[in-house]
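K.L.:
Sequence:
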Amino acid sequence: MFSNSPTSDPEPDNATASAAHSAIDYTAISGGRSGAIAGECAGESWVDLRQYNQSNFDRGKPGWFVLLWWLLQAIVFPLTPHPFNHIRRWLLRLFGAQIGRGVIVRPTARFTYPWKVEIGDWSWIGDDVVFYSLDRISIGKHCVISQKSYLCTGTHDSRDPAFRLITASVIIHDGAWIAADCFISPGVEIGANTLIGARSSVFKNMPAGFVCMGNPCVPRYRREIRNS
Numbered sequence: 001m002f003s004n005s006p007t008s009d010p011e012p013d014n015a016t017a018s019a020a021h022s023a024i025d026y027t028a029i030s031g032g033r034s035g036a037i038a039g040e041c042a043g044e045s046w047v048d049l050r051q052y053n054q055s056n057f058d059r060g061k062p063g064w065f066v067l068l069w070w071l072l073q074a075i076v077f078p079l080t081p082h083p084f085n086h087i088r089r090w091l092l093r094l095f096g097a098q099i100g101r102g103v104i105v106r107p108t109a110r111f112t113y114p115w116k117v118e119i120g121d122w123s124w125i126g127d128d129v130v131f132y133s134l135d136r137i138s139i140g141k142h143c144v145i146s147q148k149s150y151l152c153t154g155t156h157d158s159r160d161p162a163f164r165l166i167t168a169s170v171i172i173h174d175g176a177w178i179a180a181d182c183f184i185s186p187g188v189e190i191g192a193n194t195l196i197g198a199r200s201s202v203f204k205n206m207p208a209g210f211v212c213m214g215n216p217c218v219p220r221y222r223r224e225i226r227n228s
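Under my numbering, the first residue of the sequence shown is numbered 1, with each subsequent residue one higher.
Heads up, some of the hints might be wrong.
[Claimed, not checked] Label pairs and their computed distance ranges (CB to CB):
#	residue 1	residue 2	range
1	D48	H86	22 to 32 Å
2	E224	G43	52 to 62 Å
3	V76	R101	17 to 27 Å
4	G43	T108	35 to 45 Å
5	H86	G43	30 to 40 Å
6	S138	H86	43 to 53 Å
In case anyone wonders, no lab produced these hints; they're calculated from the structure.
Glycine included, every Cβ here is placed at the ideal spot set by N, Cα and C.
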């Protein structure tokens with residue numbers, strides 16, 4: 001549940017960060033001297049991608065259906081005239097997306113698996129937006145996802161030598177605006193009417209009704225709307 005004030009700890013602990021850096025023997029790495037860290041960094045890869053296995057991942061549709069969508073998206077979708085949003089809405093619905101009334105989707109927007117996407121009434125999806133929908137992506141009503149933003153629902157376990165796939169949903173509530181070229185991490189929830197500033201990277205939930213920005217993104221101040 002979202003609170004009215006930011007409760008996350010967005011800024012790193014400087015003392016801890018400094019201590020962590022000072023604990024690394026950089027001279028051992030750069031000078032080629034013997035040492036555990038130098039040996040580890042100079043050794044073989046810590047991951048073995050031959051072990052990677054995503055057989056447990058469920059695309060939600062059979063392979064032929066996925067391929068058909070990718071071909072259609074690569075060839076037909078970008079050729080639709082810019083103002084013909086109704087055609088793109090129809091195509092997305094045809095492949096299982098839940099698309100509300102009056103939704104604007106630009107021709108260069110990309111959807112990995114549209115059947116895992118929900119977009120509420122009157123929302124806008126800008127050019128070159130990527131819905132990397134390995135898991136569910138839910139966009140509320142009257143939302144704006146500006147150009148080149150990347151909504152990511154898939155990552156990998158950095159501690160696993162087999163590079164295990166991890167997925168988690170992305171939820172963006174009503175009235176939110178994701179400005180240009182933002183990255184939204186798996187598992188993130190954006191509160192209603194929140195603005196995420198351009199080129200922000202969001203790795204934690206953001207509260208409702210705030211202007212948030214930065215890398216990593218943090219709440220800055222309350223968003224205000226003029227009376228119409």
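K.L.:
Lying within 43 to 53 Å: is that true of the beta-carbon distance S138 to H86?
P.N.:
Violated - the Cβ-Cβ distance for S138 and H86, about 22 Å, lies outside 43 to 53 Å.
K.L.:
Is it true that the C-beta distance of G43 to T108 lies inside 35 to 45 Å, as the hint says?
P.N.:
43 Å, holds
K.L.:
Determine whether the Cβ-Cβ distance between H86 and G43 falls within the hinted range of 30 to 40 Å.
P.N.:
57 Å, violated
K.L.:
Does the hinted range 52 to 62 Å hold for E224 and G43 at CB?
P.N.:
55 Å, holds
K.L.:
Between D48 and H86, does the C-beta distance stay in 22 to 32 Å?
P.N.:
49 Å, violated
K.L.:
Does the Cβ-Cβ separation between V76 and R101 fall within 17 to 27 Å?
P.N.:
The hint (17 to 27 Å, Cβ to Cβ) holds, given that V76 and R101 are roughly 23 Å apart.
Of the hints listed earlier, those the structure fails to meet are numbers 1, 5 and 6, in rising order.
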